[in-house]
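**Student:** Listed here are the chains, written in short residue letters.
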Amino acid sequence: MPVLIAGVGYHHLRDLSVGPALVPRLRRLDWPEGIEIEDLSFGPIAVVQWLEEKPGYYERMVFVSSVERARRRGSIYLYRWPGRLPEAAEIQERIGEAVMGVISLDNLLIISQHFRVLPAEVIVVEVEPEDTGWGLGFTPCIEAALEEVIETVRRAALDGYNG
Amino acid sequence: MCFKNLPIEFDAQGKAHLKENVRDPYSYETRSLDEQADRIKELLARNGHIKSVDFDPVTRVAGALAFHSIVDLKERRVVEANSMATLFRGYEVILKGRDPRDAAFISSRACGVCGGVHSATSALAMEMAFPVKPPPLGIAVRNLMLALEFWYDNPLHLFLLAGPDYSQSIVQLTNPEIWEKAKASDAPRVKIHGFRMISDIMAELNPLSGALYLEGLEMTRVAREAYVNIGAKYPHPETVIPGGMTTTVTITTFNEIFARLRQLFDYCKRTVAIWDDLCDFFYYANPEYKKVGARPANIIDSGIWDDPFAYDASYENCNEWGERRWATPGVIVDGQVVTTKLQALNIGVEEFVEHSYYETWDSPRYTTDPAGNPISPYHMWNKQTKPHPTGQNWREKYSWSTSPRWDRHAMEAECSARLWTTGAANILPHRRFLEPTGASLKMHVPESTLPEMELEWKIPEIWNAFERNRGRAYHLAFTTLVAFDNWLVGMDLLKQGYDQVHTPFETPRKGSQIGAGFWGAGRGYLTHHATIDNGALSNYQILTPSTWNACPRDPWGNPGPYEEAVLNTPILEEFSSPENYKGIDILRTIRSFDPCMPCTTHIHVDGADHVILREVNTCGCGLDE
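Chains as they are written, first to last, in the numbering used here: chain S, 1 to 163; chain G, 164 to 788.
These are computed hints drawn from the structure, not numbers from a lab. Source: prediction; values computed, not measured. Where is the CB? At the ideal position from N, CA and C, for every residue including glycine. Be careful, since some hints might not be right.
[Unchecked claim] Each pair of labels, with its calculated beta carbon distance range: (1) S/Tyr161 with G/Arg595: 51 to 61 Å; (2) G/Lys178 with S/Ala88: 53 to 63 Å; (3) G/Ser739 with S/Leu85: 25 to 35 Å.
Excised from the complex, chain S in its bound form (with noise of 0.2 Å):
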């Protein structure tokens, strides 16, 4: 069954754009058939009609994004989504977000979570920005994370989390 890899976030936010920044890039590799890779940066409801459209074709999902939680600038990490959601009130309050135009990772898994159109294994490239102001390309952190990005997510990709 394919894979889907998939971007997420702003365009031109210095680091904080990762996420469609290496679309084009992981779509320049080398890939062995059943990998798509696509920018979902269009809303987390607009991804749930999308991929409401082809139900249980995806057998693994990969994000990859950058995200501001207050960690070292430049690293990366890894996870596998534990599909966990939260209080009624604060997903309403998501999609709230999401249908007036706010693009967010945490708001496009737990949405997607909510109306079940997430594959059993999603996992979760993140890297922490340190720029995230208006304007192209990325500070040096970012610049020297990012092979290393590419990386963690084609092995994400092939191998799936435990790979």
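Got chain S; can you put chain G on it based on the hints?
**Tutor:** Structure of chain G alone, referenced to chain S:
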């Protein structure tokens, strides 16, 4: 005589001029808010039942809105209200110095829901400045796309943002007696919407699980699918530029859109029936609900959807082409339409910053508009945006929103203002599906799965939170019919072989030009005012519906529409102790305006080119009473 406060009168030809012998015609004296603030402070100190209730942020609205209120829980009334736009945006500064052709694409980013309306408004402003007039098919297709955008906006508000306030989960919690009545009340329009009891409607409005909530989410997909056939992507279209559109439209494009249009024929009938039943039920259950969110019907709308054969982009002729729009422009004061002329609407607008985080500006550039009518130093063509987030308290400054006024009245912007001005003025030239009567607007919605239906939106006796929501439901039907009408106009043009959607133009590289885009967003009124000097934008001002609605006090101490509506709202919620008080009546009032804050506030930073570097804390938590 449409102006009562500004010293403007009109000659026999309808041209405006300042009254003679009026010294300093636009001067004014400010009124201090100290007395009111002192009185509130004393009330709070003396009475345990008077309580400060803050909503920061107000949830289920787009962007950052905080609301501060003082409520008297014994008397069940609101004694003070302050609306705060807590964040600012920088579109004016980003646009300043840019090539005017970039404006439609950059200003679109002012909103993540209705970017296309900013693109269109910007394109109109540039068309006036350059000048360039789009071909008829370009105008019809632009109308069609910008009608489709509201298919996203209106269901979103009715079923995802405001809708939950009327759901079982909220009503049962805040007003159990209303829920009991709902369980015993038949829904009169069951044949249209399919829900037998009012309580069934409320149950299906429940967030996350209710059928109406989920259908509202699904309708965002239908809207986007239709929209991208023309705009290429949503919410920031790639195809709206000065002079028309850049997309190639064919019969296939129109057919793809019609497949979605047919779904809306039924959806809008059901939406109207649901909101008619809900509003009527609340009035029946407790007539006091008529007072929730009530304020005088002082409403402004810039009109929208141009006649493809009349619009010429000029300011000189905007009164004529404006009145040929599908939504008649207009100003309503105390429920009466006082003008439908775009020039009178335009020259009456001023923006004040006494209670906003800005400095005033000097040296107004213009004393008249391009037609020679007088304009105020506080008009958008003169306005400069100078952020100054100091004096943060309820007496001085408390919002990033300015205080726009028309003839110095606090006006409300509303999508249902389009129904009101179009219905009351009764000058609509496009009557294939629409029929103004002077007191209402009849809409003939074609057959789909449900039979053909005549919907009639009647000018309400009282203007309140419920009528805003009801009006928004009817506006969805209005929008659907405007889309269908323009779909038919476009198809007819194509059949006749007129497939041109754009007029080439030259961007002026020398001299000064001036332009204004009069259009509308999902929430109503939207204008962009621009000046161009030697080929670059030298000033750009965006005035949005939520700036009108969310504004703070004006120089005379008069509240903005959110504030005024909340001050008039009785507390009907049931609560056992002050700690259990949720503020649902206040929240219903605020949300009835369909607040959208991302586009409400804009800044210009002197000396900076595009990046705002200052960090300020403008949340309401630290402000003194």
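**Student:** Tell me the numbers of any earlier hints that the structure contravenes, in ascending order.
**Tutor:** Hint check: nothing fails, all pass.
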